[in-house]
Amino acid sequence: MKKHVGKPVSRRGFVAGTTALATLGFPAILRAQPAAVKVGLIHPVTGFVAYNGQQNRLGGTMAIEDVNKAGGIKSMGGAKIEALLGDSQSKVEVGVAEVEKMNEQGVAAYIGCFQSPVGIAASQAASKYNTPFLIDVGASDLIVSRGLKNVFRLKPGFGVCVDDGIASLGALNKAAGGVAKSAVIVHESGEFGTGTAKLLQGKLPSIGIEAKELIGHDNPTRNFDNIALRIRSLAPDVIMMSNYGNEYMLLARTLYQQKVNVAGFFSILGGGFNYKFVKEMPDVSQYMMDVNHWYNPRSPQAQELKKRVEATGALFTFEVYLTYTNVMLLADALERAASADKEKLTAALAASTFKAELMPYGPTKFVNGQNQGGKPGVMQALKGDIEVIAPEEFASAKAVFPKPKLN
Amino acid sequence: MLDPQIIFAGILNGLLAGGIYVLVAVGLTLIYGVLHIINFAHGSLLMLAMYAVFYLWRLLGVDPYVALPLVIAGAFVFGFVLYRLVIGRFNHGRDENILLITLGLSIVIDNAALLFFGGDTQTIDVPYAGSFVELGAAFLPLPKIISFAASLLLCAILGLYMAKSDTGKAIRAVAKERQGARLVGIDVDNIFAVSYGIGIACLGAAACLLMPTYYVTPSSGHAFVLVAFTIVVLGGMGSFVGAAVGGFIIGITEALGGLLLGEQLGQIGISLIFILILLLRPTGLFGSKA
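As given, the protein sequences belong to chains A and B, one line each in that order. Start counting the first sequence at 6; every next residue gets the next number (the numbering used here). Start counting the second sequence at 10; every next residue gets the next number (the numbering used here).
You can take every hint at face value.
Distance condition first, Cα-Cα at most 16 Å in a straight line; then the derived EDC-like pairs of lysine to aspartate or glutamate: (1) A:Lys281 x B:Asp129; (2) A:Lys284 x B:Asp129; (3) A:Lys281 x B:Asp134; (4) A:Lys284 x B:Asp134.
Calculated from the model, a selection of chain A residues having no Cβ within reach of chain B, i.e. all distances over 12 Å: (5) Met81; (6) Pro210; (7) Ala316; (8) Gly367; (9) Lys370; (10) Phe371; (11) Lys403.
To be clear, the hints were calculated from the coordinates, so they are not data collected in a lab. Backbone N, C-alpha and C fix where the C-beta goes; we use that ideal spot for every residue, glycine too.
Use the sequences and the hints to build the structure in full.
This is the structure:
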């Protein structure tokens, strides 16, 4: 065997060689790694809507992981998205503080905030720095009516949800021979619930239903017995609800326990209408209807994501797929802008024709920051499951209205 | 004008709600009466007890009412140990330190609950949840009637225990005069821990009675604490009877206020009582002058 004999590398030579490699080679490698794009996810992961915020965060982080696994933002040399996680603590002032903090960390865009008041204040704060702000959940239409160029909302606001809900309820009532002539609206007392209730009150007469009373309640509310009594004294045909998860569930259970008999329960953006509620309380939830954000049950991507989310032990709630979709919308805009520059990114978002694969939406088109293609679904709890009853092209069951009376 | 039958039903609902408020307030006033501090961890400990009830039901299928003795005993031990190991050890003999310790405990417990249990709303769906008793216009849910009766019974038992037992007498002695109690040979530190344990045991009972009709999240205990503070002030700080009477007054005020003024304005009644009592009778209905 031939023995290789060569000049040994001296210690000085080794040091010189490695130094040269370090100064010439590694910077080249470092240059090949583009800077990560920082995205602020601001949600209420503590406080009275902590569950919803945690669901938002789950969807957002899963989406960022998916984008990065797929090679990052290709037009930016494969730049990864880096999540800056913020907790609004279900409080407006904390949400704004998170915006300021993340701005100092060089954030390129924000996604948030679940609660309308927090979204309104936080996006206003972000507008000082011209940083794009994507509202993943936040129903108030005030969010997109302030003329702020940096604010974008893919999902529909409460205006569209009320319009679609009124149309669906009108059609159901007409098909049932006009059994419903009056309604009581129970709403949480914040911007989302109050705004939705006022819109409903104005539009119910157009389908021959009179809004007998608007009943507001605080968050949290300990006891809905009084409201149930008040409703029974008013004897409406339909009860309409617009509130957050805990109060939605507690109100539904109290109305069931107090044997409040109506033709139907019809909520607009009912915070507690989800798989957990209908599975854990099948008797209480039976026949309840809700106009809300819903995934496209015929989308293979949505079904695959649903499986992945459920495999983690979490529920596939609207917060998860709305934040997931918003990250994808942002990634698409970054790809087209080929830059994290705020002006270029804002322009790319404003011109977006992003296809929201998971959602039953029409083509994306932002007008004053609001996507015109965003549409809610109308669902009904039937036998411990949730079925889509409208729009017809996505429907999985036929609605039951009026509902059978409670014994 | 509301139908008198609806008002009658409202009063009944208020009484039922008051039953739970009484238990939460009795624990709070007992701790105040003996230790002379407001227990800021009260809401957080109520929430922990509610989770205990929930998991006993979820994992072992134990009905919340059947779990009552177990949860009361567990809550007593937890409260006793918490006082011995944390509150009693780090207060350095100063009452104001206990305020800070319980406030700190509250923050730690809330966030630990969020970490371990998640923010999801948890409920118990008992088979009798839909059962009710019809009394005129009132449909009184069976779980609330059971909770009301159990709450009254527990308060009566606790009242008897405080009046007749040696420990009860020792607690009352310490509440009245610490130094004197020490001089006659009462282990004051032990009585502090026992009192704290009994206060938390009341929360354990309240948790069992609440869960069939309420829900638990890491922040749900606090919904009952503000109202419990009002009851304690109304009844008289440290007054056992005052807490019981105050609980029912607040329950009925809340119910009638909600019916007559609307749910949001109805809460004003509670705040109004709080302010009036502070202005006109700062010692409360049954409180003794300092």
